[in-house]
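Based on the sequences and whatever the hints tell you, model everything.
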Amino acid sequence: MRFMMIVIPKGYESAAPNAVPSAEAVAKMMEYNRSLQKAGVLLALDGLLPPSTGARISYTDGKATVTDGPFAEAKEVVGGYWIIQVRSREEAIEWARRAPMANNEIIEVRQIQEMSDFPEDVQKAAEGFENLTNTSAVKI
Amino acid sequence: MSKIHQTIEAVWKIESTRLIAGIARVIRDVGFAEELAQDALVAALEQWPEEGIPEKPAAWLMTAAKRRAIDYLRRGQMLDQKHGEIARELEFQQQQLSNALDNALDQVIDDDVLRLIFIACHPVLTMEGRVALTLRLICGLTKAEIARAFLVPEKTLGQRIFRAKRTLSEAHVPFETPHGEELRRRVESVLSVVYLIFNEGYTATSGEEWMRIALCDDALRLGRMLVELLPGESEIHGLLALMELQASRTAARRGRDGQAILLLEQDRSLWDYAQIRRGMTALEQAKKLGGGAGNYALQAAIAACHARARTPQETNWEQIVLLYDALLQISPSPIVALNRAVAVGMERGPAAGLAELDTLAAEPALAGYHLLPSIRGDLLIKLGRFTEAREEIQRAIDMTQNSREKELLLDRLERMPKAHS
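Going line by line, the protein sequences match chains A and B.
According to the working numbering, the first sequence is numbered sequentially starting from 1339.
According to the working numbering, the second sequence is numbered sequentially starting from 84.
The hints are simulated quantities; they were obtained by calculation from the structure and are not laboratory data.
Just so you know, not all the hints are guaranteed correct.
As the list claims (entries may be wrong) - Mimicking DSSO-like on lysine-lysine, the simulated pairs with C-alpha atoms at most 27 Å apart in a straight line are:
1) B:Lys-489 / B:Lys-501
2) A:Lys-1376 / B:Lys-371
3) A:Lys-1348 / B:Lys-139
Here it is, written out as structure tokens:
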């Protein structure tokens, strides 16, 4: 089973475009990342630049509207993620509990959907889905 | 199982390896270390549902294991001697053991985990003993889980683990990392155990066999652990590459009804390309370390040729034949030769493939092996020699025990044009 652990850091919704974490926080996070790697569960990880460097595109009646960050209305924004492979939802939660997070920060644990999770009729309706997801795969 | 028990099980899967390694480092006996850790788990199962999960579960478990260790020490001493200086001596030993175990968790280094892996895969054990101990000590699986995965009764599995631990103790296997030539030999043993676990999962045939399919993930996890512990050993990267590349095809290997789908007929859009990328990276690493010609690296390189081909027609068969040549040189095997013949058939045409197969016909190891007539049949179909093809495929059907394979062959027989000869 694969899970995404999504980091929702407090205050990141209004962080300056050039905001960087402290060396101390990064060192702690690296130690945690290493523990995931040594346990053989880590598949991927990334951190995201602050929302003030991003944009939101919202859709109304088929019309797309672009809003540059930061987003005044956003209370929780994503700061980064890990993808881990574990045996159970509980194991993913236990790994999240071990992350060195600051006060009031949140990690959301979500299982990655596999096509085999769907009932057969939905699988049929989604036929060709992998074609879509894999066209973007890096050439190998 | 209740929620709290699932959580305890998850904590166990994360912490048990380092816990056992830490205890074994102090008491120098892996079997006893595992028992103490198990006792700690039992204590957790009794107390955590009441008290909640402790802040530092690993430290809690270590304290519980320590208590049991001191109990054992006291009882052993009481039996051995009854008089004299025993009280003071015992107190001294208890204090020492207690301090050592208190510090053990903080001192667990990667080498301890590595030693534990080497011991679980020790050549003094039977292969099934190695597999069971590895899943138990390194992957944190319960006896019930291992038993279900290997389709044996839990009691049998328990005896297997008991015997393995007794063998280790009788052989006085030291808690050490091997060096030099011995290291190479021991790494080989570890890799063969990991690949066996992977293949057990890979050959599982349906979703109902979920416990077995999960073995692939366990083996991959072991492989990823090992490349971290021994980053300089090229064959470990080679094996990891092979497993990632093979596992990347999992979703394409079975049809909706669970029937096997052969490599060249798979829907390649179902392959996991992120996993293929991980496999390619591991293979590159094996080559960079000078291990491109290792057994697992060569097999991975063959799998990589398939992974690179967007369609079966794009497959670089010439390269695959060369890789099989290299593989035959380092580990000659009739099965590898058989696979090579298939590749030759793809590269130079069915007649050339058939000629290769004829050189293997007398191979005693292949007598009764259904793939030989099955492949012959395939090549004969391509040459339009249907009567002969029909005979070969019928022979293959009679030879195979596997019902899925049988279905596949019967299907081929039915699809063959009837009138020609």
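Results of checking the hints against the structure:
{"no.": "1", "hint": "B:Lys-489 / B:Lys-501", "verdict": "holds (20 Å)"}
{"no.": "2", "hint": "A:Lys-1376 / B:Lys-371", "verdict": "holds (21 Å)"}
{"no.": "3", "hint": "A:Lys-1348 / B:Lys-139", "verdict": "holds (25 Å)"}
Hint check: no violations occur; every hint is consistent with the structure.
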